[in-house]
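Since the structure of chain C is provided, determine the placement of chains G and X on it from the hints.
Chains as they are written, first to last, in the working numbering: chain C, 1 to 127; chain G, 1 to 258; chain X, 1 to 355.
Honestly, the hints are just simulated from the structure, not real lab data. Don't take every hint at face value.
Below, simulated BS3-like cross-link-like pairs (lysine-lysine); rule was C-alpha separation at most 25 Å, straight line [to be verified]:
1. G/K179 x C/K126
2. X/K162 x G/K11
3. X/K109 x G/K172
4. C/K113 x X/K109
5. G/K59 x C/K126
6. C/K5 x G/K59
7. G/K205 x C/K87
8. X/K162 x X/K234
9. G/K218 x G/K59
10. G/K238 x G/K59
11. G/K139 x G/K59
12. C/K2 x X/K79
13. C/K126 x G/K207
14. G/K172 x X/K325
15. X/K325 x X/K79
16. G/K114 x G/K229
17. G/K11 x C/K2
18. X/K162 x G/K10
19. C/K83 x G/K205
20. G/K10 x C/K2
21. C/K5 x G/K10
22. X/K109 x G/K139
23. G/K229 x G/K207
24. C/K84 x G/K229
25. C/K113 x G/K172
26. C/K126 x G/K205
27. C/K87 x G/K207
28. G/K139 x C/K87
29. C/K84 x G/K205
30. G/K92 x G/K179
31. X/K79 x X/K153
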Amino acid sequence: MKITKRDIVIGLLVLSALVALRVFWPTAKAEKIASPIAKATPIDSTVCIAPTEYMRSHHMQLLNEWRNTGARDSRPYVTADGKKFQKSLDTCLGCHSSNTYFCISCHQYANAKPTCWNCHLSPLDKP
Amino acid sequence: MNEERREFIKKTSIGFLAGIGVSSGLFLNFLLEKTDASLWSDKNIAGTTRWGMLIDMRKCIDGCQKCVDACRLAHNVPDFGNATHQIAWLQKSPYREVFPTSGEDFAGKERTGKSVPSLCNHCADPPCASACPTQATFKRFDGIVALDYHRCTGCRSCMASCPYGAISFNWKEPRPAIKAINDIYPTREMGVVEKCNFCSERLLKGKLPACVESCPEKTLTFGNLNDPKSEIRLLLEKNQTMQRKPELGTLPSVFYII
Amino acid sequence: MIENALKGNRLYWIWIALLLLVIVFGISAFSQQLRLGLSVTGLGEGVPWGISAMQFTFMAAVASVSVLVVLPSYLHDYKPFGNIVVIAQFLGASASAIALLSLFIDTGKPQLLLGLLRYATPFSPYSWAFFLLNGYVLINLVTGWATLGAERKGVPVAAWVKPLIYLSIPWAIALPVVTGFVFTPFSGNQWIASLLVFRLLASAFAAGTAVLLLIILILQRTTGFDAGTKVSDKLVLLVAYAGSLTFALIGVECFSRSQTSPLLWLSLLFGIVSLAVFFVPAWKSSTRWLMTASAGVIFSLWAEKGALLLYSSTGGMVAYTPTLKEVSMTLGVLAIGILFLTILLKAVVVVKRAD
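Next up, chain C with everything else stripped away, as it sits in the complex:
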């Protein structure tokens, strides 16, 4: 097939129309989230996020996801059965810091060195 100038021009026009459509397509989502002060704290620090067995094996995945999205996505974390949690390490520590050695005893045994406590205050650091 021979590509002529006309084909190129038509192609470019179609492409730019598509791109323009994409750029200027109004999406209602942008910046239309109501003030967080209005609907007060969804934080729930009194019940378990997931069954103990699951948390024991998968807490690092969950915490990693919360760490990566927590700062920029203001929506709370919703579990499969509809419970809502603020994505924050403090949500967990609300209960679990009652045992000062809750995190460290296991991590020390497994020689896991998570970087959480570089910034977050571990129950051990708290006065």
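Chains G and X in isolation, oriented as in the chain C frame:
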């Protein structure tokens, strides 16, 4: 040879353009942010939030450090006690340092002799957020320019691009330099930047920022700039106010009455 | 080809040992920085970037020189440059590697640097610089190595290499442009800001060709590899053109700032004196003079990048003195790059002399 080269350039450029076209269709978030046509009609839209602050210097007492101390305590901001490595979210600096281009060079001492609280301006068009290579500094839905310490690489692009010097870097391990640890807020670690977050963690609980709450003179007013009935909007309507370096077009959300 | 790096005369091994020594000093300083944070450097409040960032800008600029050799040689079929294409490509690869390592030692948390690829954003010039430099190292290494291999076997370059080489042309021009955007906050007023990117592009070509000329002259003296007078004449011409443009723009900046950094005046003075050599026929025919003048241009443009960092992004000038540890780290990175280049050039020289 010449013909071949021309053909090659033709085909590759078509391929390239087609690639861009296809990828912008496939990856909807690729390159292009979501847009909202109504955002262009007016900067202030009712129903959305843009947090802002108004600092009334007529009420501010010279020598009072209550807001600065409250901020340090609320966010575990370290105090190294030397100017080179200092970290501050909120500080009081001489008028001319805060407003070097305000055109008040010959104004009397009662206006320009005071030290003025300065903090991150939470600009509507923040140069730090676009300079950040990992989007660790970003503009939130409520106008707060937030920092995600988890992905800050410590490149200091944001510090270089901030015309207000509002961002500090942890040149050393910060924990030993924190006088009293506040156990409801994390510290930072060596090698990341930090700055004022408009107390977003307190806003979440329905509280006002720590500096606003601590001021005995009600110098600081905090509120939603997009709400025409908010206290801050009423004050902004009635008074002549100014922003820091407005000529740069960063659209600060912190206003001053001098 | 790479095995030739293990064979060499006395001078070669002294050179390698010297570089390794500098690298060891750099690594020891860097390990201290990892422990104590960036407080071991002379940086601080109001001085976010120092000599390491300066080396990054300079080397990103030098890296782009390969385009000045690749473009005439591949698009305009200018035969004499065919002889030094590989050298230019390897210089591009090593210089971008130095620039990348300079960024690496300058970050607070270098272990997170790969996040720059994961969270890359088109709005951040720093993000662009990181992405472009990584790509440039790869493109130049691959195309350079393939070209050299073909040359050794005496066969034409494989067909897949050419598109990559064409790709490297816009890539190279983008490098100084992007670094110019990174440093825009330091440009002070809008006239200088508007000229900055353009000036960095011109100074990139001046500095790059000066480095390339210096390398070719050094190779001529130490290894007997002769690129030919046509090549060095053309490079002299390029330095003269790009250099004149650069120093004209630096002059504009010197006279349009209310407060000009003394380093920029030094750069202008050194630059104009060195550039004179490239215009006087009697001087430019002497290798010794040319080498000195190239070094002068390189020093001058190094100072130009340094002058940029002495301006505060909040207005005025900053007080900044690099510490010894900072200097050893920066030199260490430079030495790693030069070692890398030496090894690559060793292979080039062996192949070229076998012809």
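Inset, instruction - Check each numbered hint against the structure and report the violated ones by number, ascending. - result: 5, 6, 11, 12, 15, 16 and 24
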